[in-house]
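Following the hints, complete the assembly by docking chain C with the ligand onto the known chain V.
Each chain is listed here by its residues.
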Amino acid sequence: MSSSVTYKLTHKMFYEGLKEGKLLGLKCNSCNTYTCPPKINCAQCNSLDMDIVELNGKAEIKTFTVVRVCPEGFEGELPYVVALAELEEGPWVCGRVVGVDPDKVTMDIIGKKATVGGKIPPKLSYAPGEPMAITLKIS
Amino acid sequence: MRKVAVMGVGMTKFGPTEKSQVELFAEAAMEAINTSNIKPKDVQALFLGNGLGDFEEGQLNLAGFCANELGLPPETTAMRFEGACASASIAIRNAFLLVASGAYDIVVAGGTERALSMGTSLATRTFAMGTDSKYEEFSGLTFPGVFAMLAHLYADKYNVPLPKLKERMAMVAVKNHKNGAKNPLAQFQKEITVETVLKGFVVADPLQLFDCCPFSDGAAAVIVTTDEIAKKHVEKPVYILGAGQGSAGSLCRQKDYTIMPSRIASAKQAYKMAGVEPKDIDVAEVHDCFTIAEIVLLENLGLFEFGTASEAVEKGETEIGGKIAVNPSGGLKAKGHPVGATGAAQVYEIVKQLRGECGARQVENAKIGMTDTLGGDAGSIVNLIFGI
Ligand SMILES: [Zn+2]
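Those protein sequences? They're chains V and C, same order as listed. Per this note's numbering, residue 21 is the first one in the first sequence, and the count goes up by one each step. Per this note's numbering, residue -5 is the first one in the second sequence, and the count goes up by one each step.
Hints in this document: simulated from the structure, not taken from any laboratory. Warning: the hint list may mix true and false statements.
To be verified - Beyond 12 angstroms from chain V on every Cβ pair, some chain C residues (computed):
1) Pro67
2) Glu76
3) Leu179
4) Lys225
5) Glu313
6) Glu351
As the list claims (entries may be wrong) - Covered stretches of chain C (chain V as the covering partner; in silico rule of three or more C-beta atoms under 8 angstroms from a C-beta of chain V):
7) 130 to 142
8) 163 to 175
Predicted model, so just to flag it, every value in this text is computed and none were measured. Where is the CB? At the ideal position from N, CA and C, for every residue including glycine.
If we strip away everything but chain V, and leave its shape as in the complex, we get (with noise of 0.2 angstroms):
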């Protein structure tokens, strides 16, 4: 028997996934809890015994900011609206709002539900590959 260990689910194929629509992450088969993104491993009970799986892509905002300030690379995007949001699912993601006026962005933006979707960012330099971003759009 082998004793390599293959990544189940890199982030080129997570990547891809957002590109045709999907949400993948990985449901752990010991603990049954999710790993969104991927890591090798449960990000709860550290099992490697997880299947890939489409998550239902429906999210409430935790947190927010709004970006007025940006890195290299954004300053076409300027404002712009970064959040966490809590998946159905369990796990956390960070993403781009969309779907908001940026200047009209309050904390009453905490608790709406929003649906996880894909875009690709602006290039950046030293970002190899095609990048992908995770978008939070506001139902």
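Structure of chain C with the ligand alone, referenced to chain V:
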């Protein structure tokens, strides 16, 4: 484990400079060597904190250049430690561990950085490299953004109305600028008011310009050695009583990061090793990269109960002369934040405070001091506890 002490310490003025990272470190380290009453040839290892030197000057492998610059012998172990903003604290903790274990007797440890050389745009880009580059960075998240989200999380969780929290956050900046005004090595030596903070432009809602520490250049270094050697060379050795370090992953993985398990674990290790409790700390130099960061870390270090630190700031409990003096040097906010040098500058201040050499910003009767340094979004945390 052997008892470990800090002998001499050295630090450049923080702020814009035209000196190179090697030149900056050489100044700080030579001061530390000279005030330890030792010679460069007595040093066996050089541990260098550096965050972004590659981007700042196109210079890799800085540690060897620094060792040669100082005239350290060819058998010197010279290494760079990178843990984002906690780099120098990691270097000093490793110096402590290796002197304690008997591997080395005398180590020069510290850090150097020229963040200002990059300009705001590249600096913001490279600082953002401290967040998860696969799952968070592409959202356009910045470091101010990370702490801006922390402020909203805090206000929501503890039910502090945002305007109230922002006023208390401003008071952190006011306090640290007040202290920095008394520190001749600080980047900003000017007092500000709550109005100054609340008038600043918004960097990332709800953080305004004066909620954020500056980009800085600078270096700091300390000589870590045994109790025995220290007593032979200096009048007032300061002892490293305890050290801790913790780690964490992406922000999203940490979920509600008003509570930071990596910081709690790191502090717990340090308190346990030192045999002290949070209430025993007289003076603390902590990682106030943003005003909200100081409030949240005070709770994670156990210096204040969860949810109460913003009120403690308002009551003046963190001022020099308060319940616990927090950032008498001016902190990252006013003293400056040259990433890879920051932890060493914190140790510099605590050593000077415990020796009673801080003049107008001296904390009376300071016997036990602590440092707290955060790298990335809590990916690396180091806590060190010092005594006399
Ligand atoms: Zn599991």
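Beyond 12 angstroms from each Cβ of chain V, as asserted for Glu313(C) = With a cut-off of 12 angstroms, Glu313(C) remains clear of chain V, as the shortest Cβ separation is near 29 angstroms.
task = Against chain V, does Pro67(C) hold up as non-interface, every C-beta pair farther apart than 12 angstroms?
result = holds (37 angstroms)
key: Distance rule for Lys225(C), whose beta carbon must clear each one in chain V by more than 12 angstroms   = The claim holds: Lys225(C) sits with its nearest Cβ about 47 angstroms from chain V, beyond 12 angstroms.
inquiry  = Is the claim that Glu76(C) lies outside the interface with chain V correct, judged by CB distances over 12 angstroms?
reply    = holds (15 angstroms)
message = Using a Cβ cutoff of 8 angstroms, are there at least 3 residues of the stretch 130 to 142 of chain C near chain V, or does the coverage claim fail?
response = holds (count 10)
key: Whether Glu351(C) stays farther than 12 angstroms from all C-beta atoms of chain V, as the label says   = Fine: 38 angstroms to the nearest Cβ keeps Glu351(C) off the interface.
inquiry  = Is the listed coverage of the stretch 163 to 175 of chain C by chain V valid when you require three or more residues with a beta carbon under 8 angstroms from a beta carbon of that chain?
reply    = Answer violated; 0 residues pass the 8 angstroms Cβ test.
task = Find the nearest Cβ of chain V to the Cβ of Leu179(C) and say whether that gap is larger than 12 angstroms.
result = holds (27 angstroms)
Of the numbered hints listed earlier, the single one contradicted by the structure is hint 8.
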